[in-house]
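K.L.:
These protein sequences, in sequence, are chains A and B. Under the numbering used here, the first residue of the first sequence is numbered 1, with each subsequent residue one higher. Under the numbering used here, the first residue of the second sequence is numbered 1050, with each subsequent residue one higher.
If you're looking for bench data, these hints aren't it; they were derived computationally from the structure. One or more hints might be untrue.
With the C-beta cut set under 8 Å, the calculated list includes, among others, these residues of chain A facing chain B [stated by the list, open to error]: (1) Pro70; (2) Asp79; (3) Ser763; (4) Ser863; (5) Glu864; (6) Asn872; (7) Thr923; (8) Val937; (9) Leu945; (10) Lys948; (11) Lys951; (12) Arg952; (13) Glu953.
Beta carbons are placed, not taken as given, at the ideal position from N, Cα and C, and that holds for glycine.
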Amino acid sequence: MSNTTKTYWKGLPQLTNDPNYVKHADKEFVDLGVDQDPGHSRRDFLKMMGFSVAAVSLAACEAPVRKAIPYINKPVDVDPGIPNYYASSYVNGGDYCSIVVKVRDGRPIKVDGNSLSKVTLGGTSAQVEASVLSLYDNYRLRGPKVGTANADWDKVDSEVIAKLGEIAAKGGQIRLVSQTILSPSTQQAIAAFKAKYPTTQHIQYDPVSYYGIWKANEESFGTGMIPSYDFSKANVIVSIGADFLNTWLAPIEFSKQYATTREVSEDKREMSRHYQFESNLSLTGANADYRTAIRPSQEGLVVAALYNLLAGKAGVAGISSTLSGVANLEKAAGELWENRGKSVVVSGSNDKAVQVVVNAINNLLGNYGSTILPGLPVNYRQGNDEAMAAFIAEAEGGKVDGVIFYNCNPVYDHPMGEKLEKAIKAMALSVSTSYTEDETASACAYKAPDHHYLESWNDFEPKKGHYSLSQPAITPIFKSRQAQESFMTWAGVANADYYSFVQNNWKSKFFANDSQGWDFQTWWDQRLYDGVYESGASAGGSVSFRNEALSSADSSIGATYKANASGIELVIAESATVGNGSMANNPLLQELPDPITKAVWDHYVTLSLKDANALGIKNDAEGRTQLVSVSANGKTVKVAALVQPGQAQGTVGITLGYGRTKVGTVAENLGVNAYTLLSMLNGSVNYSATSGVKVEKVNEDFQIAQTQIHQTYMGRTNVIQESTLAEFKKDPAAGRENPMITKWDEKVEAASLSLWKGHEYKSHHWGMAIDLNTCTGCGACVVACNVENNVALVGKQEVINRREMHWLRIDRYYSSDAQPGDYEGLEQASENPEVTFQPMLCQHCNNAPCETVCPVAATTHSSEGLNQMTYNRCIGTRYCANNCPYKVRRFNWFKYHDNQQFYQSNPAMNTDLGRMVLNPEVTVRSRGVMEKCSFCVQRIQTGKLTAKKEKRELNDGEVITACQASCSTGAIVFGDMNNPESRISKLLKIDHYKTVKNAKGEEERVFNYGIDKKIGNPRAYRVLEEIGVKPNIFYLTKIRNKDGKKENA
Amino acid sequence: MMHYRVARFHSFLTLLFFLTVSFTLFAQTVPTDDESIKSGEQLFKTNCYTCHRVKQKWTGPALAGYETRVPSIAWTIEWVKNSAKLIASGDEYANKIFKEYNNSQMTAFTNLKDDQILDILAYVEAEAKKVDAPAPGQDTAAQAGGGAAVPSAYLNLIIIGMFVILLLLLVILVLIVNALKKFLNQRDLSEEDKDVVESPYTAASIIRSPGFIFVVVFVVSAVVFKTVIDGLYSIGVQQGYAPKQPIAFSHKIHAGVNEVDCKYCHTGVLKGKQANIPSANICMNCHTYIQQGAISGTAEISKIYAAVGYDPATGRYSGKQKPIEWIRIHNLPDLAYFNHAQHVNVGNIECQTCHGPIQEMDVVKQYSLLTMGWCIDCHRKTNVNTKDNAYYDKLEQLHKAAKGQKAAMKVEDIGGLECAKCHY
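Chain B with its partners taken away, still in its complex shape (with noise of 0.2 Å):
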């Protein structure tokens, strides 16, 4: 079986290898039209955002001014399809910065078209040609951190002050209506007055009341109940579940800083049930290159090579392999069935809509409560994405032949809330 797989792999990429010779006759000019710039920007954030910036040097160099930098385009074509064949060639330059970044060296993108490579080219000089502003993520989400917070903190304190000064309020009225009390109760009173001032309602006498005594037993036990009931509820629930993993692995410097897609390792979720804890093959895409990381040094990485049997400092594999034995944060019981490609595929629902936010995470916790109920909610109140998919069309035209052309059409329209749709 091995056999058989490792060869349909080859014969793919003799395929591949064949198609590309064919696309290079064409001539070789960077093209400087929106819709290749809008190509190359896809096509970029999938294949290089991971290693290089446009403008600042990453695990690569920054690709702006490549041109003036590069001996010609069709160098540096064949130099994205496999650099370690045109450093073995000889070629002057490749052999130079291939010493200038360690000896390491850059993954080969075979699958990519010389177009392809093209458009790529045109985002990158078209990213170069803008001014240099903020990063337009960045300076949105400071201003919208800014801006929330100041005021949020001065409602507080204002909220608070306000409380303090009613509560002061209240105690000098106290002491006034007592002090008054003292005064009236020394002077001679009519019976009509004294019934005034002596209410028969004190506090005693309203504190031993059967009413009072009923009402605090009722909520007293009221609230020990939902106390009891909540904490029933929670048994097999496990949000916030944090544990110790046996790397390290910080999501918040790979998704977050790093802005790695999600999808660059969890290769499953948009092909089936499972996202797949990503194969340390994949961490060694980049690991093989990042040998050091921003908090840990080399402890945390090492353990990657350990697992993979690598050594950095030879760049060899030794063959000994020890799986990585990650600890399953998210366990839903075996009588649920979820599948990611139904929600992240079909439904285009983001990762952090369950996960949270999983970017900011050095150590990844259970976010979402994933009861039953929680599944439900969320069935209840999401429109079902029909945009462009055929399923859905014959649905879609009988829901709003039947509840009007603008009803919404929610999981729950569709059987979203059916038994066998989640439990089999």
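If we strip away everything but chain A, and leave its shape as in the complex, we get (with noise of 0.2 Å):
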């Protein structure tokens, strides 16, 4: 695709014009080159016929009978078909996000963000949005186990509290190891647990570790903390490896915070300029304005350079390790400089010596108390490396006796997890309380499992002050017991309910100070009903940095990073989609597009175009590649090559959270364990190797299921419009493309003909609008979207042949300024291209193509704007699918539910327990129909009917669709076009009325029901307008914060 100004395309084989890109680009539906000829015999037709016309008499006969069993004694408050809301908490180790719980007929099917949280704003993740599916997965312990025999909750107690009473009586170490806390109960329960068994001694860890973020803070400031950061009041942001949008820290506070800088329009002309430094491209690198590709051996040079470059500016010392010819880290100084207290700089390395000069950077430039927030220290990550080595290295030494594992996984996400393993198979007491039988919990004696988050009670502390609480939205599935009972009972506490544990905590804390003429119930109640709490919170806060901090970081980034290295190195990072690896078991992130690959349901290392070329890889439009072997730290995995553009060269990428060994079917043994291919530096896990690397090409072929290269938009242009801020300042329209139709005697508008003659809707107008800007392609949305609408998950066959059924999917554009023709110019680019997402979905056309194609008519225009899609009407001739210009109509080429052959990767339709997470609002499609996005329908009639039943009109906001409601940027807005109060209406400027001429011939203004509203938001689009099918759904386009166009790094 491309425009006068730029050229985009979508992967590699696309700007190559690869053969077999070529073959397939204009072809919706992909001949296999199988099942061409069934060999069907006019037997076999006589065969079914019989087997038909017995079947339908057979079913005439009788129909089934169906139950229908009623409560005995129902609860007050609950009634079947009405879905009840909870607040509570998702937490998965230090992951934190305040959520609301959708219940209907008692099992969650939803969550949704609660906008009432100061941390994160009402945002979700795409996790967040997929660990519903989690509480139903099959592989779940259904009770306490002794090896591998079941047992019972009584046996697992007095054989544990013997066995600890052994170990305390020979004076025996006991461990107890876990993953952050952020829960002030839990640490409670821990605590009676150690002043039972005073040997005791509870270990954090992080399976991705920001010890050295600790450390150095330590040693810069005197406390070792990780600070709040908030990016909304940055103006320029500087990232050095940092991939604060998916995947650092808290993305999805940061990723809210980000989109309020990068609004814009024609009132606020100003944004947030991000730089970014870093060697995989991220997402966070994707959606910066200058990204620089630099290899992880540089990361402290980098780090140091920026500080000297500002020293200067401020006429302190700098430090003696630098390194010159970084590209924009000059303007990036400069601007800092100018922006100083409103500027931030972060970086994703775990070397505390980096992390030093970082903090002396954001000194330098006074933003602590402006963007970040020492007063306002963060729990989310408490993991202590040193503490956890020394741990394994006792056990491997037998030196301890007895361990717990709470909430972790060691065995697979710790560097050194096959030692502990031995270890652990060696000490007289073992337990997990792990809910899956995982890799730790396999080689424990004792598997007492815990509730998950949505049956449990809990209370968490995620920043100082900020406090929320869990309640469970289910009655226990299993034989579960939450672990703090646990705990606490094997401690010998007289009464081990955890529920009055938690809410004894908060009368005696907060209630006792705070009870405002309530009755503690009341008090409680409302707690409960908000699912926040804030009591003792501040902000801002100062610090004073320690000069002698930076001498030691700079003599040890000397010592460890080098300005010219030759040879590959290797980057670890967190995977996009499944994270840390402990919901790998989860097929919702296991087929979310990983936002920048698109690979779903597979591991890959990423490499740049020039070294896949020197180690002789080649990769197709069919995702087709072969396999690497990669060795680091003494280890070596096999994994295959995905060549990645804007790769550092001499770099490669690999995730982790893939490689789980026992996990259940969904993620058994797919892809490698990266975790154990980490080391420790400066007494913190790095997740970089800069020596000793060896890539090689394994003569072993392999495919990977890519979903961008399906869905081409057939040579069209004007599908992403955008401009840089310096010509928005000039005009907000910059970057618009008008198309324009040349008539006999005239050249319009091409929108303003049409062979239709239009809708009028009287009721309700539904639209959408994205911003491209404030998108940041995280998925979300996706996940949000497949929970909401029981989207069938396919697995990863059935996505190589293109028959995904994803009804939102983000694009993914790279892009550069090079023109068309200039062959060097487009090579260079593909090396650090832009990236632009666009989430795609059902237009809903007011002039919809399908619809005028559908020989059955099964997809109607409604009343109000709606493209609908009748399943039941549905013949499969997908003439629908054809006949679409944006290619967002999915067609069921399987049986997805009751089908053996989806088991793994569709058990939300294929097992008992995976059915319960099923939306029961949305039909459950079966083969041979087409499907699409509904506008999350089901939710539009549930708040009319409210409405209604309340006897007034429909207020903006009541209705709003899966997506809009997951996106923590706030980029997707829906909403009624007819109101002119709503969100939309005004972010759109639509002028609601139309001049018309009256009986008598005067002009006369009126309002407009119809589909040619006027839009006054220059930067509003609709995807290629000049073919005249008028969508509701109008895109923003994206400003990028650059000077001129030929700054392009």
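Build the complex from these two chains, which are given one at a time in their own frames, with help from the hints.
P.N.:
What follows is the structure, encoded as structure tokens:
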């Protein structure tokens, strides 16, 4: 795709015009070259015919008897068919999100963000949205186990208590290992356990460690902590390898803050500028205005160089380590200095020396107290790498007698997991409280499964002074028990009921000072209703930087990092979809395309085109590639290679989260375990390997399932319309392209001509606006849509066959300023291209081309502007999909439910447990029918009914689609375009009146119920305006904060 | 979660208790104005009617003349709110009626405010004063039934009688024609006359004619075709489906004879998609006291007791519960969405419109077709219930502007035939 200024491409095969790509580019449904002649004969026909007749007559004889079983004693506030909402908290290790759980007939079916939370600000992420399916994971433990045999809790308790007693009696060592614990009450329960068994040590670690930051703050300021960051106050953001929009520390909160600085409008023609220096092309890098590819061996020097540049401006002494010639670094330093106190520098490094220099930079810029809040430390990551390493060494040496693992899986997700596994097996007592039989639980003698978070009571303190509660949204499905109750039972606490324990803690800690004249029950109910609570939260804070920390950091950086390293280097990062691997068994995440590579169900190393050519690796348009062997830190793994534009030359990237071995059918043996490639540096885990890395091609072919190469626009232009801030300041319509059509006498706007008569929407006119500037491409909306609309997951092979079912996809385009003919320029650009994300879903065209070609009227237009799809009418001709210019209609090639073939990829429709997650309001589609985005019509209907029952008008904001609800950045706005007060009307600046001539021939302003409302927002455009289908979805142009055209890195 | 719910409920009750206490301070005389009587009537119908009648002894005593029996109005209010408390306090009269009605306890109405109870009493007093006349409902029903039944029976008889007479006439005429023909054939006739007598179109020749055969074949095949098509269309249609339920519950006794409001048991009907098959605790509201049924004695009611684990002899719950597995009668396919609240609450449609004369059914059957054609048909005919509903104001205004002030706005006119109203 190209327009007058830029060349866009979806992947390298398109850029290089790969023959395989050209072959399939214009085909919606690819010929697979199989099943062309199924070999049906006349006999088969007769057999089928006979069977059908028999089946129909049998079916006619007697209808199946269905039962309706009411409650014996119906709870007052539960009504079948009416959802209840409970405020709760999603916590997975140190990842936190305040949520509202939608419960239908006693089953949680959807998780939304809690807008009352000042921490996560109502946002969610793909993992949070997907977590509801983990509740119904078939791999969950059904109850406690001793060894491999099922047991009851009494047996487990008595044996564990006896063994703990034995160990305590001989003065043996007990360890309690966990990920970061955010919960004050859990800490107290553990304290009770420690009081009973004083040789217990509690060790916290994080699968993806932030110990370097913690340690650096301790050295820089005297207190170990991780501060809050406030990106919303930053005019200039510099990130050195921190993927803060998707994986780093608290991406939900950061995305929201970041988006507020990226919003532009006619009235606000300012936005933040974002520099990214990194090796892998991360989601954050893809959103940056200026991105520079660096090698991990340079990371420390880049930070040091930035310090030196700023020190020069500030007139203070620089440090000895430095690096020159880093693209964009001087520019970044200049702007940082101009925006002192209104900028932020973050680094993803876990090396404390690097983080000390980052602290020094922010200190120099006066960012502490404005964009970095040391007075409001966060508790997300409290892991101590040194303590964990010491524990594993002790365990190996046989010095630990008993160990309890809570909420963690170090055998899988710690670099020394393998050693630990051996050590566990030799211990006198080993207990795991994991709710699945994961790698660590399998090694332990006792499995005492904890509840899933949606079944538990708990409290959390994600940030200092910000509290939140978690309440059960379902009765425990299995015979699991809350781990805190287990700890207290084993500690011999008389009343081990954790609910009353949490309640009593809150009573003494908060209620005593904040009763507001209420009785405790009312106060507590209010806290539960809100889900969040603040007490003693402070903002700002100040620090004083210790200069001696800087000098030791300087020498450490000088020893570790090299300006001109040769040889290949390895970068290990958290996966953008499955995260750290704890949710690997969730097919919603496995089938969520990686935001950048658009690969699903697969693990791979990313490498640059140049390195790939050197190694003789070739990717084609169908994702076919070769395996490579990657060796680092004495470990070798064999994994597929994926050529990735933007990957720093001389580096390969690999993600964590794959290679689980005991995880259930969904993710078992998918990819390799990259945790084994990690090493320690300066006392913390190091997420790169800069020396001794070997990458070799293995002569073995492999096919990666990628979605991006599917669905093309067939050469049509203007799908992405973008500009730079500099141009936008001059003209808010910059980057917009209004296609014109030449008539015999004049040139007119393409949209003004139509063969259709149009529609009148007298009630509502539903529409959506998507801001390409604030969309970060994270994919939370895709998962939310899947969960809300029972979208089938099809598995790897079917994605390769281009049959993924997602109703909403995020198109990722690479682009550069180079002209289409400028091959050298394009090749350069493909090394570090600009990236644009565009959520693409049914555009609900007012002149819908799909409707006119359906022979059975299965897709029709509603009186509210919706393009309706009626599954029970559809006979599967697929004409509509062929005629859809946006390629958003998905065809059910198989019966994805109750079909053993899809048991692995689609448990939500194939197991009794999984089916509980299905949304009862939405039909589960069967084979042979077309489906697509419905604008969440079930939510529209519910919202309208509520208004009708209350005999009032429908207010704006009452109906929101699942994608809008999940969007942390607020890039998606849905609403009634007929309502002048709605957010969408205001955002698009819709003129609701039109001038018509009345009977007397006078001009008159009347309300415009039609499809052609005048849109006043100069940034708003419809995709493929010139074909005149008039979608109800508008996109707002992408604005990059770049100075001029030629400054592209 | 359970703790949470129960706790919420308690706080709700406490709040109500405070409210009620604060209201007791006002003077307590039974009002006599029409408005109070009217609101009292409504309250009586929803709260009391299940167990009480004004002039008849029902589950509880007849309420007429209560004022001469009770110690005071204040006592009555206390009794209605929480009779158990009053009995426990050792009140003489309270204990007397408690014993008189076999130690069965009246439901506590803590949610009723004092003035609401006074309104109910106003209604009871006003109703008691009315002269005994046959209940208006029964009266008209009897008249209407009688009026319609007598002439229609006669009409049928008359029609059948006339048909028989016509048939006899036809036979007599044919006999006469044959007799005349025979008579004429015996005489010598001119050729002209002979042609008249001996018509070439005999019954036999008509039956053998190709035209006749074609018509007959056409009619027969059309009938067969229609029967087959109808048969195919009826696949999956369960009209008349009346399965045997685990408990022989009679809607005729509950909704018909005892006039229990449908919404009393089907609690979800105004709120949401499902009308709800009542949970057994709703049955127990009445059947704690009514332990014998009119038709089946204790046999069927004891099944409820078994389900909830209640021992009628001791009045205690054992805690052993076993849900009642009712058989679903109305089965819409999964692809169709139907919402009771939209129809009953917003549309103000009577239950009987779709469920038929449910109050006359001992065994419930599926009364309507429940096919898409049946739904669509009603959406074409039914006016939207726009009265006092601000949601429809703009739509109605636009509709009238386009189609004239008197044009009725049908469901069809506001998108009631669109696919995505029921299929998604």
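K.L.:
Work down the list of hints and note, for each, if the structure agrees.
P.N.:
Structure-based check of all given hints:
1. Pro70: Hint on proline 70 of chain A: holds, closest Cβ of chain B at ~4 Å, below 8 Å.
2. Asp79: holds, 5 Å
3. Ser763: holds, 6 Å
4. Ser863: holds, 4 Å
5. Glu864: For glutamate 864 of chain A, the interface hint holds, since the closest Cβ of chain B sits about 7 Å away, which is under 8 Å.
6. Asn872: It holds, given that the least Cβ distance between asparagine 872 of chain A and chain B is near 5 Å, below 8 Å.
7. Thr923: Result: holds, 5 Å to nearest chain B Cβ.
8. Val937: holds, 5 Å
9. Leu945: holds, 6 Å
10. Lys948: holds, 4 Å
11. Lys951: Hint on lysine 951 of chain A: holds, closest Cβ of chain B at ~5 Å, below 8 Å.
12. Arg952: holds, 5 Å
13. Glu953: holds, 6 Å
Of the numbered hints stated above, none is contradicted by the structure.
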